[in-house]
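In the order they appear, the protein sequences are chains A and B.
Quick note on the numbering used here: the first sequence kicks off at 15 and runs consecutively.
Quick note on the numbering used here: the second sequence kicks off at 964 and runs consecutively.
Note that these hints are calculated values from the structure, not bench results.
Among the clues, some could well be false.
Using 30 Å as the maximum straight-line C-alpha spacing, the simulated DSS-like pairs for lysine-lysine come out as follows [to be verified]: (1) A/K40 / A/K65; (2) B/K1049 / A/K65; (3) B/K1049 / A/K84.
Simulated restraints on C-beta separations [what the hints assert, rightly or not]: (4) A/Q29 / B/N991: 32 to 40 Å; (5) B/Q1096 / A/R31: 27 to 35 Å; (6) A/D87 / B/P1055: 43 to 51 Å; (7) B/T1076 / A/D22: 45 to 53 Å; (8) B/P1074 / A/P20: 44 to 52 Å; (9) B/R1024 / A/S59: 27 to 35 Å; (10) B/K1049 / A/R80: 43 to 51 Å.
Quick caveat, the model's predicted, so the values are computed rather than measured.
For glycine and all other residues, C-beta sits at the position ideal for the given N, C-alpha and C.
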Amino acid sequence: MGLTSPHDILSAYSQGRISSFEAIHKLHLDGYRDLLLAMCDAGHSLPRPSKEEIEEQLREALPLLRAALKPLDAKDA
Amino acid sequence: MLDLVIPDAGPLITFALIDRLDLLDRFNCAVMITDMVSEELLRGPAHAPDKAVFEQWFARRGNRLQTVDTTYGDMWEALDESARRKIKRLHPGAGKLSIREFTDKVEGVIPTTDQVLVLFEEDSVKRMHFGPQLHLLHTFALLAALENLGVVASADDLVDEIRRRGRNLARDPFERRAALPDDSQSDCQPHYDRGVEETGG
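Hey, can you work out the whole structure from these sequences and the hints?
The following block contains the structure:
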């Protein structure tokens, strides 16, 4: 894929062209935490699903999350 | 019942970065992670602030946080640091294998009557099969849901906060000294490990 510089690698991860595992390996990082910090530090956007994908996920998850939401003053069981 | 399955460390690291793991505690649900995720969250020196954040969260959740053992995780635990480095270098996709085993186990462990939210950031998770009752939920989608439910005022503000914290490396309490191959002390930043109170930073 010709990813030779940290910028290339972080850009590819930002655009979803490579996985976090691949980015961590190519950059010789210790783990996801370091990748997240490298992305933010270099000003890259974190990879995110498309708007449609997020809406689809929300449509399925919101009713479940709403049903499981604890009142603010609830104590843990 | 709702189960929150977290196959990669990304979502937890993201929430911990802005010290908002409490947002996951707002829901009455069990949380399930793999032993490799647990290892990634809790590794590092004992004094690392991020390690303390996760240890406190693990303790707070008690038995509502279940760590699922994997073959890869068991083998990883048995390796010394140099062997781990070698494995990471030679097998960059090993983390994915751990997630695949996790998905197989999760499918067998969760009651079929439960609903499952798979909270993830690693894109390959989308192509894995967790069972018929699963619903994928990316961290960004969860942030949007939290705003929709009135748990947070603005999802975008949290995303901005994540970016801000990531940029402020010098002041970031999650920053750690890079590990040296022989575990000796680095001499490049002699005051790096001093506590915040000590340095006044």
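These are the hints, each one checked on the structure:
no. : hint                        : verdict
1   : A/K40 / A/K65               : holds, 29 Å
2   : B/K1049 / A/K65             : violated, 39 Å
3   : B/K1049 / A/K84             : violated, 45 Å
4   : A/Q29 / B/N991: 32 to 40 Å  : holds, 37 Å
5   : B/Q1096 / A/R31: 27 to 35 Å : holds, 31 Å
6   : A/D87 / B/P1055: 43 to 51 Å : holds, 46 Å
7   : B/T1076 / A/D22: 45 to 53 Å : holds, 47 Å
8   : B/P1074 / A/P20: 44 to 52 Å : holds, 45 Å
9   : B/R1024 / A/S59: 27 to 35 Å : holds, 31 Å
10  : B/K1049 / A/R80: 43 to 51 Å : holds, 47 Å
The structure is inconsistent with the numbered hints 2 and 3, although it conforms to all the rest.
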